[in-house]
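Student: Read in order, the letters of the sequence shown are residues -2 to 278 in the working numbering.
Please note that the accuracy of each hint is not assured.
Computed beta-carbon distance windows for the label pairs [said to hold, decoys possible]:
| hint | residue 1 | residue 2 | range |
| --- | --- | --- | --- |
| 1 | K93 | N127 | 21 to 31 Å |
| 2 | K42 | K6 | 20 to 30 Å |
| 3 | E158 | K104 | 50 to 60 Å |
| 4 | L133 | K197 | 14 to 24 Å |
Bear in mind the hints are in silico, worked out from the structure with no lab data behind them. Values in this document were obtained by computation on a predicted structure and should not be read as measured data. Each residue gets a CB set at the ideal place from its N, CA and C atoms; glycine is no exception.
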Amino acid sequence: MPDNKVIIKQLIEFGLSDKEAKVYLALIELEVATVTQIAETANIKRSSTYVVLESLKEKGLVSMSEDKKVQNYVAISPDMLLLEAQTRAKKAEDIKIKISEIVPELKALHKDTKQKPIVKVFEGKQGVMNSMSESLECDEKLIRVCSSHESWLNEYPDFKEFIIDYVKRRHKLGIKMHSIHPDTDVAIQLTKMNPFEFDKTVLIPKLKYKFPAELAIWDNKIGYVSPDKRGFAMTIESKEIAEVMKTLFDLAYEEAKRIKNINKLVGEYKESLDEYKPKVK
-2 MPDNKVIIKQ LIEFGLSDKE AKVYLALIEL EVATVTQIAE TANIKRSSTY VVLESLKEKG
58 LVSMSEDKKV QNYVAISPDM LLLEAQTRAK KAEDIKIKIS EIVPELKALH KDTKQKPIVK
118 VFEGKQGVMN SMSESLECDE KLIRVCSSHE SWLNEYPDFK EFIIDYVKRR HKLGIKMHSI
178 HPDTDVAIQL TKMNPFEFDK TVLIPKLKYK FPAELAIWDN KIGYVSPDKR GFAMTIESKE
238 IAEVMKTLFD LAYEEAKRIK NINKLVGEYK ESLDEYKPKV K
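Let's have the full structure, built from the sequences with the hints guiding it.
Tutor: Okay, here's the thing in structure tokens:
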């Protein structure tokens, strides 16, 4: 004898609700029945049975008998369930084939959207200043910079005023700066001009390490300022490139601090040795 619980479970897996499965199974057993008979067999309230029967009619699993005197219901042959399952399986396979055809195109679109950087170009002295000012929109509140400014400051004296104003605006916005500069006279002067303690600057030997151009990194952007006196700058917006550049900068920054500390210790050691050198009479 069939296990009704197993059948109901399988009908639910087919897509019927619990009540739909019970009503359909009751009607299969009764063959032709009234709402009252179905409700009693399915152990469901009569009012709920009406609603469930209408739902099963819409799904094509129940029909009305031709007897006009009494409203009887008839279950459609169980073969229809198998036919419906086969139709669904074929439809699912068709969808799978169509999706597999467009997946390569979707992947290509996804790759292009994710990896394609956005590049903006700035020209002229004002363009360079505009490109630098763009970093003041920094959400991370930290800008990493490698620069000397020397060629620009020598060419345009008013560029110094812009730098001073830029620093003031940056600090008003609460944006910190970690920077690496060759120890040129200009870099030392600019470092001394900055009174804000939360900025961190490392000066490196100018003869060994040179920065002819300026590089700034913030958020998902990299800013480049050319030493060309005609004025040329650009920003590259790319999360992947920015993350790589931030990592490289942080490594260089830590190494620059280490070199600075070693040089300081060597200098102090040499001074201490000088104290014990015999004086030539």
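Student: Against each hint, give a clear statement of whether it holds in the structure.
Tutor: Hints versus structure:
1. For the pair K93 and N127, the supplied restraint of 21 to 31 Å is violated, since their beta-carbon distance comes to about 52 Å.
2. The supplied range of 20 to 30 Å is met by K42 and K6, whose beta-carbon atoms lie about 22 Å from each other.
3. Checked against the hint of 50 to 60 Å, the C-beta distance between E158 and K104 comes to roughly 51 Å, which is consistent with it.
4. Evaluation of the 14 to 24 Å hint for L133 and K197 yields a pass: the beta carbon distance comes to about 18 Å.
Hint 1 alone, counting from the list given before, is not met by this structure.
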